[in-house]
Amino acid sequence: MIAGWLQGIGHWVFNRFSRVGRGSLFLLQCLLSLSYMVKRPLLLVRQLYYVGVQTLLIILVAGLFVGMVLALQAYIVLVDFGAEESISLMVSLSILRELGPVFTGLLFAGRAGSALTAEIGLMKSTEQLSGMEMMAVNPMKYIIAPRFLAGFISVPLLTAIFMAVAIFGGFVVATEMLGLYEGVYWSQMQAKVDFYEDLMNGMIKSLVFGFVVVWIAVFEGYDCVPTSEGLGQATTRTVVHGSLAVLGLDFILTALMFSV
Amino acid sequence: MSTRNIEIMVGGFVVLAILSMVMLSLKVSNLASYGGDDDVYQIQAQFENIGGLKERSPVNAGGVRVGKVADISYNNEQFTAVVTMQIEAAYRFPVDTSASILTAGLLGEQYVGLDPGGDEEYLSQGGELELTQSALILEQVIGQFLFSKAQEE
Amino acid sequence: MLRKIDISTELSDVIIKIRGLSFSRGERKIFDNIDMDIERGKVTAIMGPSGTGKTTLLKLIGGQLKPDSGTIHVDGENVHQLSQSALYDLRQRTMGMLFQSGALLTDLTVFENVAFPLREHTSLPESAIHHLVLLKLEVVGLRGARYLMPAELSGGMARRVALARAIALDPEMIMFDEPFTGQDPISMGVLVKLIHDMNHALGMTSVVVSHDVDETASISDYIYVLSQGRVVEHGTPGNIKDSDSTWVQQFMGGLADGPVPFHFTARPLMEDMLEDGLRKKGARR
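Chains as they are written, first to last, in the numbering used here: chain Z, 1 to 260; chain F, 1001 to 1153; chain E, 2001 to 2285.
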């Protein structure tokens, strides 16, 4: 009985390995197919719209609220020390270093990632991908690679917008609600926030997150079981694995970048 | 969605992102202060204790920022901390200027404060400040206080 | 379309040569050492019960799947030894495929779907493509529907558009995957007519995979009957009707009972009835 149980675990482990292997080979193929878009830039532009522009709304709203909440919470803590002038510093450092890239990554996985998986999975189920192959058009080049590149480009762009909006949200709360002087808000930040250490590191994080999330999303769609149930599972996996990947990588990157 | 509209929206998206980056770089981070590297000169000062001074900490004179700390190292022969400062070329200080490590506000970070002397000769690249005042270490101050208290009795 | 001419295969009649093909999915053996010859310019039917892997056979021929052993030669080329670009080239040149669901690209109009292979594989100017698309749509009778979206088409119409797309590049053969399944009589009649006409008028080799015996037999020049991974019978429709095998007779005649039994294996009826009665009387478990 234990033997059966061990066998089950063994199977599961091998399945996992085989998935990772398939995913890696998939990634390689996808990267090699990117050059196709030089001939047909319109494919990329269309995908940038569906993947990037359509995620913009949720990023703007989320960014605004996160920035505002952060400012409030920072104030509540700092006012006891008489250090409420540092509110902008707390908001900006949190946003630039952590919350900007992570929130954007999570929101992207949920909104755009799941949409990509569903779309590609549906194309697989209705044999559109197969059909394309038989028409001698490589679905990797025509369908997958443009979506991958669009995701990779969009995430850093969205992160930058998130960061800006959040800091602005913090500004509004700090000056309107909490009575901080405008000049103080900006000058505190300008003195202490470092372009390379804080902003660039945050953007590097967003590049990594974008790469991983869109890879997972596109792969899950391509690899899904072509039934309605399989598609649902694949979409769920994209959101869950994508989110976990963002959080896990965030820890690793933070440890590497901001270590003492 | 017609192609033209899509192109316009994507263009808008990219422009918005670039503007955000620019705003973040200039208004939020200290990118603006990175410029002007050609117009600085370096001077050194040795301290017994630099306290919490870090690289890129400000160097102020009369409360105005005139430069920043470029490098901190330890002189193992004289057993002092060597602070290399980058001063903007627009500001000149006499060779007998003194440097102290001060704290901004109560919880604030530490910075180097320059107190100009009266000499006619000015510091140039590679110059060294003779007069320095180390950072106030809280434990030492308390220790001194207790010691002097004990002495009174 | 310009194609390179390979003298040996142009003169030969056989466009698809399958030898010793074996293919398994997991534990199940789908094909066991199969030989087939598909002749140029003829309509060849591949028939058999559902689940015999007929669609899999088309995918093997098209190079989307690799066999465990055996070879498939299409137009003289060994499909599974080709490099990826050579394989794509072979597909473009020789194969048109009509999927069961049509497999149209859902975000393009009918016109754009048919134009798709032309735009991808040729550098013809838009005006030429426009004319070609209209002509292909005319063949299937859907020229007026050219600006509809696939979602607005009925199943039968979608298949006809897919057919127009499949012939866009004038391939040497078309493979039909269950073209008649689930169609109303009129649509079926239309498809039958199209396959027949294209074969006769354009000399296009057709491979029809189906289990609709009557329709398929009516237009085929040659039939292969597959069952459980083997070729059970092959010949002209006339030969097949006179086949020795009772199974083939049952299949072709659509008989309810025969070598494939009507009843799923079970105990005698009386035993089941009695036992159920006992269970009702006895205590609930």
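Derived from the structure by calculation, the hints contain no laboratory data.
Please note that a few of the clues may not be correct.
To be verified - Covered by chain Z, per the in silico footprint, the following chain E stretches (three or more residues, Cβ under 8 Å):
id : region
1  : 2117 to 2129
2  : 2181 to 2188
Stated by the list, open to error - For the chain Z half of the interface with chain E, some residues (derived, Cβ under 10 Å), not all of them:
id : residue
3  : Met123
4  : Glu133
5  : Met134
6  : Ala136
7  : Asn138
8  : Ile153
9  : Val172
10 : Asp250
Note that the structure is predicted; figures quoted are calculated from it, not measured.
Beta carbons: idealized from backbone N, C-alpha and C, even for Gly.
Results for each hint:
Under a criterion of three residues with beta carbons nearer than 8 Å to beta carbons of chain Z, the stated coverage of the region 2117 to 2129 of chain E is upheld, 3 such residues being counted. Evaluation of the coverage hint for the region 2181 to 2188 of chain E: breached, as 0 residues show C-beta separations to chain Z shorter than 8 Å, against a requirement of three. Annotation: interface hint on Met123(Z) holds; nearest CB of chain E at approximately 8 Å, less than 10 Å. Below 10 Å, beta-carbon pairs count as interface contacts, and Glu133(Z) has one with chain E at about 6 Å; its hint therefore holds.
For Met134(Z), the shortest C-beta to C-beta distance to chain E is roughly 4 Å, which falls under 10 Å, so the interface hint holds. Given the 10 Å rule on beta carbons, the hint for Ala136(Z) holds: about 4 Å separates it from the nearest Cβ of chain E. Residue-level restraint check for Asn138(Z) holds (minimum Cβ-Cβ distance to chain E is 7 Å; threshold 10 Å). At a threshold of 10 Å, the smallest CB-CB gap from Ile153(Z) to chain E is about 21 Å, leaving the interface hint violated.
With its C-beta approaching chain E no nearer than about 40 Å, Val172(Z) sits outside the 10 Å limit, and its interface hint is violated. Because the smallest distance between the Cβ of Asp250(Z) and any Cβ of chain E comes to about 35 Å, over 10 Å, the interface hint for this residue is violated.
Hint check: violations occur at hints 2, 8, 9, 10; the rest are consistent with the structure.
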